[in-house]
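Given next are the chains, with one letter for each unit.
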Amino acid sequence: MKETPNLKYLDDLAEGDEVFRQKFIAILKVEFPMEREEYQQSISGKLYREASEHVHKIKHKLNVLGLHNAYTLAVQYENQLRKGDNLLEKEFLSVMDKVEAYLKTI
Amino acid sequence: MNCIIVDDETAARAIVAHLCTKVPDLDVIEEFDNAIAAIKFLNQHDVDVIFLDIHMPGFSGIDFIQTLKHPPKIVMTTTDTEFAIASYEYESIVDYLVKPITWERFEKSIQKIRNSHSVQPQSSDTMDSENRLGEDLYINIDRRLIKIKYDDILLIEAKGDYINIKTETKDYLVHTTLKKIHEKLPQDKFLQIHRSFVINFNKIIDIEDNSVLIEKSVVPISRSNRPELMRRLNLL
Numbered sequence: 049m050k051e052t053p054n055l056k057y058l059d060d061l062a063e064g065d066e067v068f069r070q071k072f073i074a075i076l077k078v079e080f081p082m083e084r085e086e087y088q089q090s091i092s093g094k095l096y097r098e099a100s101e102h103v104h105k106i107k108h109k110l111n112v113l114g115l116h117n118a119y120t121l122a123v124q125y126e127n128q129l130r131k132g133d134n135l136l137e138k139e140f141l142s143v144m145d146k147v148e149a150y151l152k153t154i
Numbered sequence: 025m026n027c028i029i030v031d032d033e034t035a036a037r038a039i040v041a042h043l044c045t046k047v048p049d050l051d052v053i054e055e056f057d058n059a060i061a062a063i064k065f066l067n068q069h070d071v072d073v074i075f076l077d078i079h080m081p082g083f084s085g086i087d088f089i090q091t092l093k094h095p096p097k098i099v100m101t102t103t104d105t106e107f108a109i110a111s112y113e114y115e116s117i118v119d120y121l122v123k124p125i126t127w128e129r130f131e132k133s134i135q136k137i138r139n140s141h142s143v144q145p146q147s148s149d150t151m152d153s154e155n156r157l158g159e160d161l162y163i164n165i166d167r168r169l170i171k172i173k174y175d176d177i178l179l180i181e182a183k184g185d186y187i188n189i190k191t192e193t194k195d196y197l198v199h200t201t202l203k204k205i206h207e208k209l210p211q212d213k214f215l216q217i218h219r220s221f222v223i224n225f226n227k228i229i230d231i232e233d234n235s236v237l238i239e240k241s242v243v244p245i246s247r248s249n250r251p252e253l254m255r256r257l258n259l260l
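Chains as they are written, first to last, in the working numbering: chain C, 49 to 154; chain B, 25 to 260.
Calculated from the structure, these hints are not laboratory results. Small disclaimer: the values here were computed from a predicted structure and weren't measured. Be careful, since some hints might not be right.
[Stated by the list, open to error] Computed cross-link-like contacts, DSBU-like style, restricted to lysine-lysine with a CA-CA straight-line distance of at most 30 Å: (1) B:K136 - B:K171; (2) B:K213 - B:K93; (3) B:K204 - B:K93; (4) C:K50 - C:K138; (5) C:K71 - B:K64; (6) B:K64 - B:K46; (7) B:K46 - C:K77; (8) B:K240 - B:K183; (9) C:K146 - C:K50; (10) B:K183 - C:K56; (11) C:K56 - B:K136; (12) B:K93 - B:K132; (13) C:K71 - B:K183; (14) B:K204 - C:K56; (15) B:K132 - B:K171; (16) B:K208 - C:K71; (17) C:K146 - C:K131; (18) C:K94 - C:K71.
[What the hints assert, rightly or not] Okay, the calculated beta carbon distance ranges per label pair: (19) C:E51 - B:T126: 40 to 50 Å; (20) C:S92 - B:I172: 46 to 56 Å; (21) B:I231 - C:T120: 20 to 30 Å; (22) C:K131 - B:H94: 36 to 46 Å; (23) B:F65 - C:S142: 33 to 43 Å; (24) C:D65 - B:R219: 45 to 55 Å.
[Stated by the list, open to error] Stretch by stretch, here's where chain C covers chain B in the computed footprint (C-beta under 8 Å, at least three residues): (25) 119-127; (26) 131-140.
Cβ coordinates follow ideal geometry from the N, Cα and C atoms, glycine included.
Based on the provided sequences and hints, a complete structural model is requested.
In structure tokens, the structure reads:
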């Protein structure tokens, strides 16, 4: 999965509106860790259906950050979780680590 | 033209709100992170357009639409295209946008909103049918016709080939179906909230997530009937 997070979508959307750009980045920095935490709690409790709801929210952010392969993985994982499977847990964890590390750099 | 945004994800709301700023005559008057708060708002405010997330935990965008008696124009927002197909079953939905939403696609959606006709309010008036029906129901028990006032009925429960009409003073077991008796009752007073239960709306004491308390009876609310119940409530 050779892709790196980027802000191309945000830059296209903002069209030079730096206030919006910074506001949106701030939202990502707050909302993503919260969603990750909620997801982790659901996984820890083996509440896979609940975890799938968190993956659903997180996957939108993957697309926003240009992680289209990761998004596809998240779609598969979300479906797995709905059926009670967590086979892609490690791969998804790796994606979240990547996003979290990136958000610290912007 | 004014609009509200309903989405449980802050980032998603921020994107739509920003896109709205690029449309000169479109004002975002409120944003909501859950459908219930939006329904309360819509009970008190006129809104031209709703940007509505389909996938929200607990109360989905589709549930939300079913609660609206006179829905404004609705643009669904979704990350899952399969939901979009279901959304076109509703007349009020003028478009759906797949996230992350681009300006080019959003602009087309605005054009669709402008070109679409307003959804006309339904003309049926349940008060008329109530007046035609009067205030009483006659039931046949042991070859006797017994009069029951609508206002005395608490709830009706399906019991196999029978129904149990529960009033404040007595229960009546009648050989008929829940569907048949529901058709005889004034629709503004009685509501089916479960495949086995019709309730007198005026007798509700309180409502929890999945049940209604009527006198001392706890009545389950089915998922499919919940939107209509929510629509009927005069939520503060």
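Hint-by-hint comparison with the structure:
no. : hint                        : result
1   : B:K136 - B:K171             : 54 Å, violated
2   : B:K213 - B:K93              : 16 Å, holds
3   : B:K204 - B:K93              : 25 Å, holds
4   : C:K50 - C:K138              : 17 Å, holds
5   : C:K71 - B:K64               : 28 Å, holds
6   : B:K64 - B:K46               : 28 Å, holds
7   : B:K46 - C:K77               : 25 Å, holds
8   : B:K240 - B:K183             : 19 Å, holds
9   : C:K146 - C:K50              : 12 Å, holds
10  : B:K183 - C:K56              : 61 Å, violated
11  : C:K56 - B:K136              : 27 Å, holds
12  : B:K93 - B:K132              : 27 Å, holds
13  : C:K71 - B:K183              : 58 Å, violated
14  : B:K204 - C:K56              : 60 Å, violated
15  : B:K132 - B:K171             : 59 Å, violated
16  : B:K208 - C:K71              : 57 Å, violated
17  : C:K146 - C:K131             : 26 Å, holds
18  : C:K94 - C:K71               : 34 Å, violated
19  : C:E51 - B:T126: 40 to 50 Å  : 19 Å, violated
20  : C:S92 - B:I172: 46 to 56 Å  : 54 Å, holds
21  : B:I231 - C:T120: 20 to 30 Å : 41 Å, violated
22  : C:K131 - B:H94: 36 to 46 Å  : 39 Å, holds
23  : B:F65 - C:S142: 33 to 43 Å  : 41 Å, holds
24  : C:D65 - B:R219: 45 to 55 Å  : 52 Å, holds
25  : 119-127                     : holds (count 4)
26  : 131-140                     : violated (count 0)
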